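Those protein sequence lines, which keep their order, are chains W and Y.
Quick note on numbering: the numbering used here labels position 261 of the first sequence as 612, and the sequence is numbered without any gaps.
Quick note on numbering: the numbering used here labels position 264 of the second sequence as 615, and the sequence is numbered without any gaps.
Keep in mind the hints are simulated off the structure, nothing from the lab.
Hints may contain errors.
Taking lysine-lysine and the DSS-like style, the derived pairs with C-alpha atoms no more than 25 Å apart in a straight line are [to be verified]:
| hint | chain 1 | residue 1 | chain 2 | residue 2 |
| --- | --- | --- | --- | --- |
| 1 | Y | Lys437 | Y | Lys678 |
| 2 | Y | Lys576 | W | Lys437 |
| 3 | W | Lys560 | W | Lys353 |
| 4 | W | Lys560 | W | Lys400 |
| 5 | W | Lys560 | W | Lys429 |
| 6 | W | Lys678 | Y | Lys576 |
| 7 | W | Lys576 | Y | Lys638 |
| 8 | Y | Lys678 | W | Lys576 |
In this text the structure is predicted, and so the values were computed from the model without any measurement.
There are 2 protein chains.
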Amino acid sequence: MKSRLLTPGPTQVPENVFTAMVNALWHPRSAEFSALLRAVSSQLAALFKTNHEVLTLTCSGTGAMEAAVVNFLRRGDKVITVDGGKFGERWAELAGIYGVEAVTLQVPWGETASPEQLTPLLRQHPDATAVFLTHSETSTGVVFDIAALAGAVHQTSEALVIVDGISSIGVLPFYTDDWGVDVCVSGSQKGTMTPPGLAFVATSERAWKKARTSDLPRFYLDLGKARDGLAAGYTAWTPAVTLIAGLHEALNTIFAEGLENRWAKSATLARAIRAAAAAIGLQLYAKSPGDAVTAVSVPSTIDGRTLLERLRIGYGVRVADGQDRLKGKIFRVAHMGDIDQLDTVGFVSAMELALHDCGWQFELGAAVSAVQRVYAEATD
Amino acid sequence: MKSRLLTPGPTQVPENVFTAMVNALWHPRSAEFSALLRAVSSQLAALFKTNHEVLTLTCSGTGAMEAAVVNFLRRGDKVITVDGGKFGERWAELAGIYGVEAVTLQVPWGETASPEQLTPLLRQHPDATAVFLTHSETSTGVVFDIAALAGAVHQTSEALVIVDGISSIGVLPFYTDDWGVDVCVSGSQKGTMTPPGLAFVATSERAWKKARTSDLPRFYLDLGKARDGLAAGYTAWTPAVTLIAGLHEALNTIFAEGLENRWAKSATLARAIRAAAAAIGLQLYAKSPGDAVTAVSVPSTIDGRTLLERLRIGYGVRVADGQDRLKGKIFRVAHMGDIDQLDTVGFVSAMELALHDCGWQFELGAAVSAVQRVYAEATD
């Protein structure tokens with residue numbers, strides 16, 4: 352049986368990306384590797400829609416989140432975090448570890464936050480030096496309006512806007528510079544459909560200024576060292592060379608297809624899944640579902656783990672379980688990576704069959720035809 | 352022209368390791384990945400000669416060095432470092448960043464350190480909580496006698512023994528448990544002939560006890576989280592799955608060949624290079640050269656950069672330049688990774704030809720025949 356990865360990271364990697372990694376053993380201090388790194392950095396800047404450099408680190412997205420904390424803050428700083436799920440929560444946890452006080456706007460899981468909710472907090476804490484946001488909250492499927500939230504920050508405060516774009520960059524429209532995002536982090540195994548192991552950090556000049564006075568301890572995740580390295584054509588530390596070669600190929604593929612076309616594709620796939628769920632009586636978990644990941648509530652009569660096992664063992668399809676208190680209560684389907692319309696038809700067909708196996712009552716084929724209707728409308 | 356990597360990391364990766372990485376897209380929370388991770392962890396324990404677990408991190412060796420500092424010390428601790436080169440120096444730098452006082456035994460570059468030099472320092476600083484050592488100092492080619500130095504520590508002190516085994520594990524005889532090494536770090540792109548991007552940390556129970564009271568800030572490099580993850584069959588953060596698949600294949604190859612046989616091979620290759628250098632009037636940089644990397648002094652009449660360029664452009668061979676103040680003054684040849692006796696004959700032949708091109712006077716073929724004599728003796 353073929354294996355199909357519809358998890359929100361790792362995502363399906365195209366064959367040509369794997370092929371590009373074979374024998375990609377450039378020495379990290381060679382002219383050839385420098386050329387590769389510079390090419391990838393330019394591609395990443397285009398992906399993040401920024402004129403500033405984007406740094407590539409060898410670590411997971413979490414490592415890049417930690418880098419976004421330790422490079423731009425000072426011990427004793429106060430920051431604001433917006434927490435609407437497991438990843439929003441992580442910003443405050445990271446801040447606390449480094450002696451930074453986090454004031455948190457708590458958002459119920461599955462909901463988004465508005466500028467109207469954020470602004471009073473900004474007014475109440477004019478000394479906050481940074482605001483930490485999550486674009487696509489992978490644990491709930493909610494997408495936050497970064498343009499609006501960043502706008503609210505800049506209107507009220509001098510704080511840096513630091514965004515977790517891990518499951519959104521390359522998937523959802525994102526304009527780092529235009530939206531006034533000072534720091535945005537992402538990872539290789541999401542929208543850039545490369546195997547895990549690389550993370551990216553885009554940084555504004557305002558943020559670099561702050562970095563100069565930051566006093567938090569750092570070495571491996573020191574972005575100043577990474578920036579100096581990139582200026583000379585190298586990484587600060589020995590990088591995952593094969594993954595960078597794969598990333599270059601993946602970005603070639605993405606830009607050949609057109610970034611805006613990929614954004615549109617994710618939106619169509621997400622719309623299709625939402626229509627499929629509705630057609631067979633399934634509820635979405637998020638009140639404001641986004642286009643990167645869809646969290647579908649598992650009907651209370653069905654055990655979520657059994658459903659996922661049926662999908663995996665019966666049809667070779669892997670989606671993600673809920674995390675923490677949502678374990679077994681939702682499943683999460685990604686609209687990113689190397690998946691297209693027909694993969695989504697296949698997934699919805701498997702979802703129907705697995706639900707049917709679990710005793711859920713509905714007309715077989717109803718979800719698949721809902722997906723087809725979405726596609727037919729999209730191409731009209 | 353074929354490309355041949357004789358640098359002390361990245362090292363040459365065998366074709367089967369690259370092949371194992373293609374389509375290795377296991378979800379890091381799948382039973383299949385858990386089985387892979389557990390298998391790799393057992394193999395690593397055999398590689399490190401330890402009964403304790405060995406953790407795999409997605410980062411470079413430097414990240415693992417930082418992990419060895421931030422997980423086992425407290426702010427204000429005093430530690431002893433032995434600094435005989437660029438990597439020994441790094442331990443003290445890392446300590447300083449985290450508010451740990453480093454008392455350094457300064458060893459002239461190219462020389463080793465004896466227990467007799469270390470013991471007085473241990474007596475003078477009985478409050479030192481850790482001693483940081485380097486097994487193979489990659490910048491100079493010197494190998495330190497870890498068994499003897501660790502023995503001296505344990506005789507005099509309660510301090511942890513923390514060792515940089517980055518360019519030595521899998522290359523030189525190393526017995527983590529028998530030598531009383533509490534923490535040993537290494538990286539994937541050296542003795543384990545896997546592409547860069549993974550690092551390993553072996554940790555004794557004594558070290559874990561210290562970790563419990565350590566108060567240095569950490570998150571991505573938190574070894575407690577990595578240990579808890581491994582106990583459940585996972586990594587703490589999304590790992591470089593493809594590299595772990597490659598590593599598993601590389602370790603299969605290493606153990607099929609026999610770890611002790613690989614150690615013996617490195618020793619033979621190092622002996623061959625030393626004989627080759629002597630045969631054509633080249634000096635070694637290290638007073639006590641080890642068997643992992645050989646640093647050869649470039650004759651003062653020759654520009655080191657020109658020589659390396661001749662090797663690279665004329666013969667497709669890449670060795671490492673000297674670092675910092677040794678740039679252009681030495682070149683460094685590795686005896687690790689996927690290289691064998693005939694590769695070394697090829698390299699020595701290229702070295703002769705490049706030196707000849709640079710005007711060095713010697714009898715062409717003298718170094719190659721010296722290599723052959725070493726091999727003939729080794730098989731007698």
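Each hint tested on the structure:
| no. | hint | in the structure |
| --- | --- | --- |
| 1 | Lys437(Y) - Lys678(Y) | holds, 12 Å |
| 2 | Lys576(Y) - Lys437(W) | holds, 17 Å |
| 3 | Lys560(W) - Lys353(W) | violated, 50 Å |
| 4 | Lys560(W) - Lys400(W) | holds, 21 Å |
| 5 | Lys560(W) - Lys429(W) | holds, 18 Å |
| 6 | Lys678(W) - Lys576(Y) | holds, 20 Å |
| 7 | Lys576(W) - Lys638(Y) | violated, 33 Å |
| 8 | Lys678(Y) - Lys576(W) | holds, 20 Å |
Hint check: violations occur at hints 3, 7; the rest are consistent with the structure.
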